[in-house]
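With the hints as extra help, turn the sequences into a complete structure.
Residue numbers (my numbering), protein chains in the order written: chain A, 172 to 497; chain B, 33 to 327; chain C, 2 to 401.
Careful, some of the hints might be misleading.
SDA-like cross-link-like pairs, simulated, lysine to any residue; straight-line CA separation at most 25 Å [unchecked claim]:
(1) C:Lys116 <-> A:Ala326
(2) C:Lys364 <-> C:Glu350
(3) C:Lys364 <-> B:Gly169
(4) C:Lys116 <-> A:Leu493
(5) A:Lys261 <-> C:Thr321
(6) C:Lys116 <-> C:Thr66
(7) A:Lys261 <-> C:Lys364
Just the calculated beta-carbon pair ranges, DEER-fashion [unchecked claim]:
(8) A:Arg491 <-> B:Ser162: 53 to 63 Å
(9) C:Gln244 <-> A:Phe462: 36 to 46 Å
(10) A:Gly264 <-> C:Ser369: 53 to 63 Å
(11) B:Ser168 <-> C:Asn377: 44 to 54 Å
Bear in mind the hints are in silico, worked out from the structure with no lab data behind them.
Note that this is a predicted model, so its numbers are computed, not measured.
Beta carbons: idealized from backbone N, C-alpha and C, even for Gly.
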Amino acid sequence: MTTQSESGYRSEAAALPIGTPRHHLVIFTGLLVLLLLAPSVLYPVFLMKVLCFALFASALNLLLGFGGLLSFGHAAFFGSSSYVAAHAAKVWGFNPEFAILLGVAASAVLGLVIGALAIRRQGIYFAMVTLAFAQMVFFFALQAPFTGGEDGIQAVPRGKLFGFIDLAADRTLYFVVLAIVFGALLLIYRIIHSPFGQVLKAIRDNEPRSISLGYKVNRYKLAVFVMSATFAGLAGATKAVVFQLASLTDVYWTMSGEVVLMTLLGGMGTVFGPLVGAAVIVTMQNYFAGFGAWVTVLQGVIFVVSVLLFREGIVGVLARWLKKPL
Amino acid sequence: MFELLGIPPQALFGQLLLGLINGSFYALLSLGLAVIFGLLNIINFSHGAQYMMGAFVAWMLLTYTGINYWWALLIVPIVVGATGIVIERVMISRLYHLDHLYGLLLTFGLALIIQGLFRNQYGVSGLPYSIPAELSGGTNLGFMFLPNYRGWVIIASVVVCFATWFAIEKTRLGAYLRAATENPTLVGAFGINVPRMITLTYGFGVALAALAGVLAAPIYSVNPNMGADLIIVVFAVVVIGGMGSILGAILTGFGLGIVEGLTRVVYPEGSAVVIFVIMAIVLLVKPAGLFGRTQ
Amino acid sequence: MNFKTIILASATSLLLAGTAMAQTAVKIGVLNDRSGIYADLSGEGSVIAARMAVEDFDAAGKGITVEIVSADHQNKPDVASTIARQWYDQDGVDLIVDVPTSSAAFAVADITREKNKIFMNSGAGSADLTGAKCSPNTVHWTYDTWALAHGTGSAMVAEGNTKWFFITADYAFGQALEKDTTAVVEAAGGEVLGAVRHPFPGTDFSSYLLQAQSSGAQVIGLANAGGDTVNTIKQASEFGITQAGQALAGLLIFITDIHALGLETAQGLVLTEAFYWDLNDETRAWSERFAAENGGAKPTMVHAGVYASVLHYLKAVESTGGKETEALMAAMKATPTSDPLFGEGMIREDGRKVHDMYLFQVKSPAESTGPWDYYNLLATIPAAEAFRPLADGGCALVAN
Numbered sequence: 172m173t174t175q176s177e178s179g180y181r182s183e184a185a186a187l188p189i190g191t192p193r194h195h196l197v198i199f200t201g202l203l204v205l206l207l208l209a210p211s212v213l214y215p216v217f218l219m220k221v222l223c224f225a226l227f228a229s230a231l232n233l234l235l236g237f238g239g240l241l242s243f244g245h246a247a248f249f250g251s252s253s254y255v256a257a258h259a260a261k262v263w264g265f266n267p268e269f270a271i272l273l274g275v276a277a278s279a280v281l282g283l284v285i286g287a288l289a290i291r292r293q294g295i296y297f298a299m300v301t302l303a304f305a306q307m308v309f310f311f312a313l314q315a316p317f318t319g320g321e322d323g324i325q326a327v328p329r330g331k332l333f334g335f336i337d338l339a340a341d342r343t344l345y346f347v348v349l350a351i352v353f354g355a356l357l358l359i360y361r362i363i364h365s366p367f368g369q370v371l372k373a374i375r376d377n378e379p380r381s382i383s384l385g386y387k388v389n390r391y392k393l394a395v396f397v398m399s400a401t402f403a404g405l406a407g408a409t410k411a412v413v414f415q416l417a418s419l420t421d422v423y424w425t426m427s428g429e430v431v432l433m434t435l436l437g438g439m440g441t442v443f444g445p446l447v448g449a450a451v452i453v454t455m456q457n458y459f460a461g462f463g464a465w466v467t468v469l470q471g472v473i474f475v476v477s478v479l480l481f482r483e484g485i486v487g488v489l490a491r492w493l494k495k496p497l
Numbered sequence: 033m034f035e036l037l038g039i040p041p042q043a044l045f046g047q048l049l050l051g052l053i054n055g056s057f058y059a060l061l062s063l064g065l066a067v068i069f070g071l072l073n074i075i076n077f078s079h080g081a082q083y084m085m086g087a088f089v090a091w092m093l094l095t096y097t098g099i100n101y102w103w104a105l106l107i108v109p110i111v112v113g114a115t116g117i118v119i120e121r122v123m124i125s126r127l128y129h130l131d132h133l134y135g136l137l138l139t140f141g142l143a144l145i146i147q148g149l150f151r152n153q154y155g156v157s158g159l160p161y162s163i164p165a166e167l168s169g170g171t172n173l174g175f176m177f178l179p180n181y182r183g184w185v186i187i188a189s190v191v192v193c194f195a196t197w198f199a200i201e202k203t204r205l206g207a208y209l210r211a212a213t214e215n216p217t218l219v220g221a222f223g224i225n226v227p228r229m230i231t232l233t234y235g236f237g238v239a240l241a242a243l244a245g246v247l248a249a250p251i252y253s254v255n256p257n258m259g260a261d262l263i264i265v266v267f268a269v270v271v272i273g274g275m276g277s278i279l280g281a282i283l284t285g286f287g288l289g290i291v292e293g294l295t296r297v298v299y300p301e302g303s304a305v306v307i308f309v310i311m312a313i314v315l316l317v318k319p320a321g322l323f324g325r326t327q
Numbered sequence: 002m003n004f005k006t007i008i009l010a011s012a013t014s015l016l017l018a019g020t021a022m023a024q025t026a027v028k029i030g031v032l033n034d035r036s037g038i039y040a041d042l043s044g045e046g047s048v049i050a051a052r053m054a055v056e057d058f059d060a061a062g063k064g065i066t067v068e069i070v071s072a073d074h075q076n077k078p079d080v081a082s083t084i085a086r087q088w089y090d091q092d093g094v095d096l097i098v099d100v101p102t103s104s105a106a107f108a109v110a111d112i113t114r115e116k117n118k119i120f121m122n123s124g125a126g127s128a129d130l131t132g133a134k135c136s137p138n139t140v141h142w143t144y145d146t147w148a149l150a151h152g153t154g155s156a157m158v159a160e161g162n163t164k165w166f167f168i169t170a171d172y173a174f175g176q177a178l179e180k181d182t183t184a185v186v187e188a189a190g191g192e193v194l195g196a197v198r199h200p201f202p203g204t205d206f207s208s209y210l211l212q213a214q215s216s217g218a219q220v221i222g223l224a225n226a227g228g229d230t231v232n233t234i235k236q237a238s239e240f241g242i243t244q245a246g247q248a249l250a251g252l253l254i255f256i257t258d259i260h261a262l263g264l265e266t267a268q269g270l271v272l273t274e275a276f277y278w279d280l281n282d283e284t285r286a287w288s289e290r291f292a293a294e295n296g297g298a299k300p301t302m303v304h305a306g307v308y309a310s311v312l313h314y315l316k317a318v319e320s321t322g323g324k325e326t327e328a329l330m331a332a333m334k335a336t337p338t339s340d341p342l343f344g345e346g347m348i349r350e351d352g353r354k355v356h357d358m359y360l361f362q363v364k365s366p367a368e369s370t371g372p373w374d375y376y377n378l379l380a381t382i383p384a385a386e387a388f389r390p391l392a393d394g395g396c397a398l399v400a401n
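In structure tokens:
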């Protein structure tokens, strides 16, 4: 019990080289084409929800899959950013792009504060600490005057992007959300494949050795924590604009659990896993909504099965078959 | 007389005592977590769900078979502990060679399943469980009216906590256990069946949670979500105490119950977060926890 | 050729039928809590109530086909808004009814207004639905927090219980309830000695009860809801609060809560409701039919409200001969309401449905003849006094 386990979350799929493999380019392009066509077939609001959660899960994956840090409190960033963005858009009358930016800034600051404290502990303690802080943020959201308590912030205007693109129509908004999420995903991809990302993976796989190599491990951990919080915030703020609502659901611990589930199911430490995981879970929630608490049971079962039999996740398994990192 | 923080002493004693009652639950639950963590090195996220199961099984025994509270105190921990043993054998034991975080994820999934199933079956409005006749009514302590049942909760919790501490720190079996925590291979070499010891330890930890559930059933409504939020507070308690020692878990549990109780008088709005605030301070000052060993 | 003729023929006959009696198809969505703490007071019972309204109205016989769909909003505004949006956008729902939990109700009200459909709320409490946040598309049928606070508050002060202490859930809803009731108590000549705000949701209320006890108040007002209220009442009985002579006033509590608590614990509690199954012959007859379909459980005021609101809506569909939103809303507000459960009433321009309210006291176990026989009627609050005056709500629809 004195050292952290050496095995970490390493999977073969995660051993990504610097630079962009060609098949990643192909997948990204295919994905973009698919997503551009999707709203003519599927309900745009549903698609936007999938996109927001795909980004949220990717943000968590940056921390968990590549930094080796399991945060059980990511709802804090997702939710607080969505509150700030909703408040800015509704009460201060910000344009959506500024409202989202403000939300993202808030989650980055919050990430810095919580991260600085949380990285003082490792492993399971880290998970518990993040969970406890998220619960604190939840109580704040419940009681602070500007969050509207149980009502949340409702009827948030979607507004006009840059002052002239009216986002009231679902279709228009969809392409804006697609641009935001896709841009952010590419940025995360870039981070993973940068030298910074390589150091992260080194720390994840063997922290003592990284320390002995002279890396200031805690700085790297804090940096990736803040980045992850920021992207989670971007997802939350975007969701607030889409659903015109920021509510307690966004900050509750079940949200933190769900995003861990998406990442786990899709494949921790893979590039595309979180997207797949988010799509599966959101679809499931959408179509099984009538079954009440069975959704919770099903999520629990997926958790258990993933952990026991399926630790690489959907994309991880796929990557092993194809013998290519995905 | 003396007044503390503007509260008359009677009210203060009363609130201290109430804090101690809540602390009893924190202590029992964090003790169970600490026992499990000590040997299995996993954080049992389903601890809250198992606490809830304890309350529910007690309710079922009473409703379906007429078995009363006193028998439930004995039967429920055994039944729920047995489910824990099954879970450990079938699932958790497959994860020991992996990162500990997988144990956390697995037990989190289990918690979702258990809570979801009970929600489906019993709804969330809560079911009534009466205080046993022997303990109904209350005693006037001069400074407050203490329901007898709440007094019993404190006594029961202190006794169980002390007995557990004694068993682990002072008996031969406890010595094996502590040795296995330090070096399972070596203990195995002495001919002790370490895997079985691990299984039983998990079962025991779960049984403690179930016992806390039975104790809670008559006070709080028996409700599928009763453990979900509580467990997060208990996690914070565990982080504050550090999981280095059994005694640490117990003392932190009672202590934080009292702190929370006082907050309810001085600044009730903050009583839900006070433990988390303390956790943040402890992390800054003493990252390993109050009783934790620096690793 | 033959095939074509058949289609033509049936199309003509449909057209003929359409001219004979205005063929209208409406889709009603019952959106409420089907798994959470309000599942008993709304839930499947509201679907039953809506169906009974359709049958009693004889919609089919009047050429109106009604389809009822239902969903679980889990008491969450985000889930409610997603479902409402999808119902209006994709599934062709015309009317959403019930929707307990104020936060969810606000979400549905906003979307209903945006999509220009109709929302008839029965389950939610916030008086803001017809006040600051009122909407031309909303009807608030059964009760609101203002009515409950006034009913209970003024009645208790009138009985000489002038000193109050509040145990308040520390979020917007609880604070509003405390504020409303404080105003009533003070206006009636009472005095509020203090209040304690507890985190929401809470489990242990003993500390707050002790503070309430030492305040020397005659009445402890419970400005919280659902499980919090139930637990507070339970623990008050455990700590001997009521036995020691302090009265509890539930400001938002339903007959299903009393059922869950049991009379032993709940006896003596004073509360206000809009409906009780045992009011008169008509309510008894309807409630018996309802209970037969609802597993023996008697209807709550929320169920009654769903029944009455669907009935009134269908009448408007019949009289306007279509489902054009503005026409329907105008017709519903212009026509006085009349149904066996709430009697005569009306819908005001701010969307508030007004009718009599009733002040009840929970019976002791000895007084009760069995399950669901829970209330003694203390007073009837006439419709004119039961709800907030039109001018005080701050609703933009009200002409000044």
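Do the hints match the structure? See the list:
no.	hint	verdict
1	C:Lys116 <-> A:Ala326	holds, 13 Å
2	C:Lys364 <-> C:Glu350	violated, 38 Å
3	C:Lys364 <-> B:Gly169	holds, 22 Å
4	C:Lys116 <-> A:Leu493	violated, 48 Å
5	A:Lys261 <-> C:Thr321	violated, 37 Å
6	C:Lys116 <-> C:Thr66	holds, 22 Å
7	A:Lys261 <-> C:Lys364	violated, 48 Å
8	A:Arg491 <-> B:Ser162: 53 to 63 Å	holds, 57 Å
9	C:Gln244 <-> A:Phe462: 36 to 46 Å	holds, 45 Å
10	A:Gly264 <-> C:Ser369: 53 to 63 Å	holds, 57 Å
11	B:Ser168 <-> C:Asn377: 44 to 54 Å	violated, 26 Å
Hint check: violations occur at hints 2, 4, 5, 7, 11; the rest are consistent with the structure.
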